[in-house]
Amino acid sequence: MRKPCCDNKEEMHKGAWSKQEDQKLIDYITKHGEGCWRNLPKAAGLLRCGKSCRLRWMNYLNPNLKRGNFTEDEDDLIIKLHALLGNRWSLIAGRLPGRTDNEVKNYWNSHLRRKLIKLGIDPKNHRLSHYLHIKRLEFLQENNTRSENDGVIFDAASSCANEDQQITSSLLDLNSLP
DNA sequence: AACCGGTACAACCGCTTGTTA
DNA sequence: CTAACAAGCGGTTGTACCGGT
1 MRKPCCDNKE
11 EMHKGAWSKQ
21 EDQKLIDYIT
31 KHGEGCWRNL
41 PKAAGLLRCG
51 KSCRLRWMNY
61 LNPNLKRGNF
71 TEDEDDLIIK
81 LHALLGNRWS
91 LIAGRLPGRT
101 DNEVKNYWNS
111 HLRRKLIKLG
121 IDPKNHRLSH
131 YLHIKRLEFL
141 QENNTRSEND
151 GVIFDAASSC
161 ANEDQQITSS
171 LLDLNSLP
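Heads up, the first sequence is in the UniProt record's numbering, so the first residue is 1 and it goes up one at a time.
Don't read these hints as lab results, they were simulated from the structure. A portion of the hints provided could be inaccurate.
Mimicking DSS-like on lysine-lysine, the simulated pairs with C-alpha atoms at most 25 Å apart in a straight line are [unchecked claim]:
(1) Lys-31 / Lys-80
(2) Lys-115 / Lys-105
(3) Lys-31 / Lys-42
(4) Lys-105 / Lys-14
(5) Lys-80 / Lys-51
(6) Lys-51 / Lys-19
(7) Lys-24 / Lys-51
(8) Lys-24 / Lys-14
(9) Lys-24 / Lys-80
(10) Lys-66 / Lys-42
(11) Lys-80 / Lys-66
(12) Lys-51 / Lys-105
(13) Lys-31 / Lys-19
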């Protein structure tokens with residue numbers, strides 16, 4: 001049987017953090033550093049559970065965070081990393097200095113996902129949407145016929161396989177990074 | 001001015017993972 | 001090996017804000 005993340009849960013504050021609570025958390029971590037989130041609230045004089053303190057610090061109060069809009073470069077990187085890693089937000093955020101998993105996840109869900117949909121790309125698998133996929137296959141089919149007539153054999157299936165191979169090799173490249 | 005729908009993002013919850021005794 | 005626990009993760013929810021009607 002698993003213990004709850006904090007004792008006497010009913011006494012804990014929930015919801016938005018006040019300025020005073022933020023300041024207590026900042027003061028405590030500045031003085032003692034991060035660590036042992038379970039005991040931190042009591043030590044810092046906060047009526048919050050450790051999980052809540054950790055999240056507040058990691059996603060909002062940490063001075064190393066980069067606030068403000070995402071750049072085009074960051075957009076591109078998130079899209080590429082998502083294509084390779086899927087919804088592994090902490091891994092993706094790890095490649096974006098000053099950004100948190102929560103921030104990247106929120107940004108993906110509110111901006112980038114829509115952006116891809118507009119471009120006719122399925123944000124789940126980063127492939128063309130069904131309609132565009134059919135059109136593309138029709139196009140490739142047409143090219144097959146033409147190529148055969150020209151005496152050059154072009155195979156749509158192996159073209160798709162090449163794309164998959166490219167994704168796989170990108171993944172390997174990524175894994176080889178420090 | 002009031003309402004409404006959409007958007008952004010902070011925060012919560014439940015589950016998984018890593019560590020330690 | 002295993003149980004217990006803390007920390008971390010990703011999905012989801014709550015809510016403030018904004019622009020359109």
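Verification of the hints:
1. Lys-31 / Lys-80: Violated, at roughly 39 Å.
2. Lys-115 / Lys-105: 14 Å, holds
3. Lys-31 / Lys-42: Between Lys-31 and Lys-42 the Cα gap is close to 15 Å, so the pair holds against 25 Å.
4. Lys-105 / Lys-14: Measuring from Cα to Cα gives roughly 22 Å; hence the hint holds.
5. Lys-80 / Lys-51: Between Lys-80 and Lys-51 the Cα gap is close to 31 Å, so the pair fails against 25 Å, i.e. violated.
6. Lys-51 / Lys-19: Holds, at roughly 18 Å.
7. Lys-24 / Lys-51: Measuring from Cα to Cα gives roughly 16 Å; hence the hint holds.
8. Lys-24 / Lys-14: At roughly 16 Å apart (the allowed maximum being 25 Å), Lys-14 and Lys-24 satisfy the hint.
9. Lys-24 / Lys-80: The given pair, whose Cα atoms are some 39 Å apart, is violated under the 25 Å limit.
10. Lys-66 / Lys-42: Cα-Cα ~29 Å, so violated.
11. Lys-80 / Lys-66: Judged against 25 Å, a Cα distance of about 20 Å means the pair holds.
12. Lys-51 / Lys-105: 19 Å, holds
13. Lys-31 / Lys-19: Distance of about 18 Å is within 25 Å: holds.
Consistency with the previously given hints fails for numbers 1, 5, 9, 10, ordered from lowest to highest.
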